[in-house]
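Student: Chain order of the listed sequences is F and A. Taking the numbering used here, the leading residue of the first sequence gets 1337, the next gets one more, and so forth. Taking the numbering used here, the leading residue of the second sequence gets 108, the next gets one more, and so forth.
What the hints contain is simulated information worked out from the structure, not anything from laboratory work. Don't take every hint at face value.
[To be verified] Each pair of labels, with its calculated beta carbon distance range:
no., chain 1, residue 1, chain 2, residue 2, range
1, F, F1509, A, L256, 33 to 41 Å
2, F, V1443, A, G175, 24 to 32 Å
3, F, V1368, A, T139, 29 to 37 Å
[Unchecked claim] Selected chain A positions facing chain F (in silico; Cβ < 10 Å):
no., residue
4, V119
5, M140
6, P142
7, I208
8, L220
9, I295
10, F302
11, Y317
12, L328
13, I332
14, I337
15, W346
16, V350
17, L351
18, R353
[Claimed, not checked] Okay, the calculated bits of chain A under chain F, using three or more residues with CB under 8 Å as the criterion:
no., region
19, 273-285
20, 303-314
Note that beta-carbon positions come from the ideal geometry of N, C-alpha and C, so glycine has one too.
One-letter residues, chain by chain:
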Amino acid sequence: MTRQAKAFSEGRISAVLVRWRGSLMLVAGVLVVWQALYALVGEVALRSPAETVEYTAALLVRETFLPHLAETAKAFGAALAISIALGLGIGFVLGVHRLTNEVLEPVLVAIYSVPKLTLYPIVLLAFGLGMPAKIAFGVIHGFVPIALFTIGAVQNVKPVLIKTARVLKFGWFDMVARVLFPAAVPEIFTGLRIGFALTLIGTLLGEMFASQRGLGYMLMNAIGLHNVDVIMAVTFLLTAFAAIVSGILLAIDRRLHRRG
Amino acid sequence: MRRAPLLRCLLVLAAVAVLEALCRVGVIDRFTMPPPSRILEDLVRLLIAAKLYGAIVKTLTNVAIAFGLAATAGLAAGVLIHRFRLLREALDPLFATYYAIPVFAFYPLLIILFGLGDMPQIMIAFMLAVIAMIVNTLNGIDRVPNVLLKTARMAHMSPLETALRMTLPYAAPHLITGMKLALAYALIGIIGSEFIMSRGGMGFEIAFAYTNLDNAVMYPLIVLILAVSIAVNALIGRWERRVLARRGLR
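Chain A on its own, in the form it takes in the complex (with noise of 0.2 Å):
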């Protein structure tokens, strides 16, 4: 058991080790890609130059806006649609065809509808990643047993008290995991934005980046976001691990 992440991180080491080689002796050309080594560099001296920090926060500051929305929203929408079975019956589709819609269509019209500040690129996030909690808080109501609701009107617990100490805990893992899907599609969503139209933001700057042959600065922010996702993933994941544990699963 032990093996395993131990030989991940020699696999993925070697993948860069070996990328770091190809990139060294010219098999790939320093304009297409530099040497992660080079990257790592380049990164570590945009922290310390500091000129990007607005781009940053105002991006992590988006995704977190969002997300927050998406998963309180989601939650609240969750727990309503369960209620009405005709609802459910009509949503379920949708929810089956959604994430093939290019959501990003819409943003010319959220400009005209909520002006042409932060607030479009907020709420594409939000539609990305509403939907993902709402499908996994149902998922979740769905598999509280029966026999815990049950004892729940044996005690005459409110429906409030009902929610707090039965099905919220039980459906815990499943919106965990909503949690997780709306904060990568948050992200999308804000990144995907600043790509489309925006004058600030990370998204934004690596689309400048890009069109300018910048690679010194193009590469270490590709890299960030992508460190920023899988180090707040992680974290999320182990929280995850503990709710399971706590319940004696796993």
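Pulled out of the complex, with its shape left as it was, chain F reads as follows (with noise of 0.2 Å):
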């Protein structure tokens, strides 16, 4: 905290060059690691960074993998927006109403804890193998993690921003809409952040176990086929779109918390 207020006080432009020094620093820490490990254990099990994108590069072109890219990306977005949507729904009740939520919120907690990879053969068996399946992987996965961060978000509301809204008669609508959503956002943009990344990484774990289509499909099945150049590829691939947006929507979320 305070090195991040230094940062500030430094003035905007070098805290953002303060900012990149960061990625840049862990972007070749990565690529040296890696190159290092390659000529260590050689073409058995790796390619080279250099290889390696040439791979994805040709990958990206061909016609039978742009299926699998649709497929993930639409399971991905379904899954998204359903965590998003059952998260802050969640979140604002139980953030609200205290009772519900001191019954509710250590079942949230335990659902989060739990290896919820175990319960594939379930989900499968309840939605069949496809699109409903992994779907419901990514949202188990992901809707947790986005609403307990909202419950904490509104709890953390100063009283007299609701005390003023009381007064001004808000209805309940109105009450969430211009009070409690933008005094939390910069908590709730933090289970967004969070909700993103364990919904991807949900959505992937129901490819490779409950799918015969989408990228995790693609990687599992390599895995089994001991195809190298795909499973480093799919595995690239899916790191740096991870990295690209957690990076940004890191940024995003240190300015709402710098500024609040």
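Hints in hand, dock the two standalone chains.
Tutor: Quick look at the structure:
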């Protein structure tokens, strides 16, 4: 916190530089470790960074690959939308209503900490092999952190704001939309950031274990066939996507928290 | 205040009862899910028959090893990373992305590095668990107030003494949270890799029962895993509350 505050006082441009310095160092570090590991293990289990990028580029223009990508994008998009809606909904209700929260928050925490991967056979039996199963898998991973952070955010809204809104005779909708939500945004955003990551991994795990299409399926199939090119390319693609989006979300997150 | 736990129990019982009714009436057919009472019966039978003890012991041992490694290494790494600001700056973006990366993709690589035994599974679980421990250790040390460190300096405490008597006790709640998450991730890592590629363990038995449509084994094992993880979490949660209470919080 102090470090961020200092960076802010030194001016926004240098603050941006400071932020990018971390990411650049990380990318450089990962490349060095990756190349070293490649030199150590060789072609049996790894590809070099250059080879991986090359293969990924070739994969991206291959016609058989695009349906898998589209499938994952669709499943992830749907899962994320449902996770956010469900998480915010539950979060606001529990954040406002104290007894309901006392009853249900421990249940949410239990769901958060249980190994949900174990549930894949049940999800498969309930939803069948395909799109609904992976969306469900993404949602059960993603909605809980969003709900938990929203609860905390709403509970931390300053009472004076709520009292003011009461005095002004705000209705239920105005209370949420014009008071609670704006005041709670920074913390909710942290929940959304974590929800994004967990929905993505949930959807992918769903595809790995409960699907015959999508990037997760490709990955699982490649693991079974020991197709190192595909394993490296798909993992690289997913990691790059997650890293870029997480990086952007983290930057917004920090800015929101600094302002608040 | 006392009302909430009671209501929660009632709610859970009601949910189980509804599930039982749906299964009995046939809204949920028995190939999808046996009634909860039946699952419990099967679980007792499995535990008495003792056939799966090998699998259960193997899984839980590996989880314990991975968790132990991750908790100690994560704590040490957290302390170290906190010391070096530049390292911290480089690793922060990694921590933010880490849990969106499908770590299971590295399983084949780990098999080549560590051979076919339990080691690759333990490594996967370790890789998943250690980051949660590091992140929470950093969080905990960040929140130690400066005044405590100044007091330590005034009392001429050695770095080790400062760590043992100031930093660690103050950061304890965060460390416990880290351990809770590390345990959850260690379980996911071990069971996930047993699903993918393994010849034993609870994950393997579940996958095996699933392909053979053997709900009498699959459901009890899933329930057992969930029950173990909830029970251990509750235990750690109680410890956490005791630590907080000692400090006069809550």
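Student: Determine for every hint whether it applies to the structure shown.
Tutor: Hints and how they fare:
no. : hint                          : result
1   : F:F1509 to A:L256: 33 to 41 Å : violated, 48 Å
2   : F:V1443 to A:G175: 24 to 32 Å : holds, 29 Å
3   : F:V1368 to A:T139: 29 to 37 Å : violated, 50 Å
4   : V119                          : holds, 8 Å
5   : M140                          : holds, 7 Å
6   : P142                          : violated, 14 Å
7   : I208                          : holds, 5 Å
8   : L220                          : holds, 7 Å
9   : I295                          : holds, 4 Å
10  : F302                          : holds, 7 Å
11  : Y317                          : holds, 4 Å
12  : L328                          : holds, 9 Å
13  : I332                          : holds, 5 Å
14  : I337                          : holds, 6 Å
15  : W346                          : violated, 15 Å
16  : V350                          : violated, 17 Å
17  : L351                          : violated, 15 Å
18  : R353                          : violated, 22 Å
19  : 273-285                       : violated (count 0)
20  : 303-314                       : holds (count 5)
In summary, the numbered hints that this structure violates are 1, 3, 6, 15, 16, 17, 18, 19.
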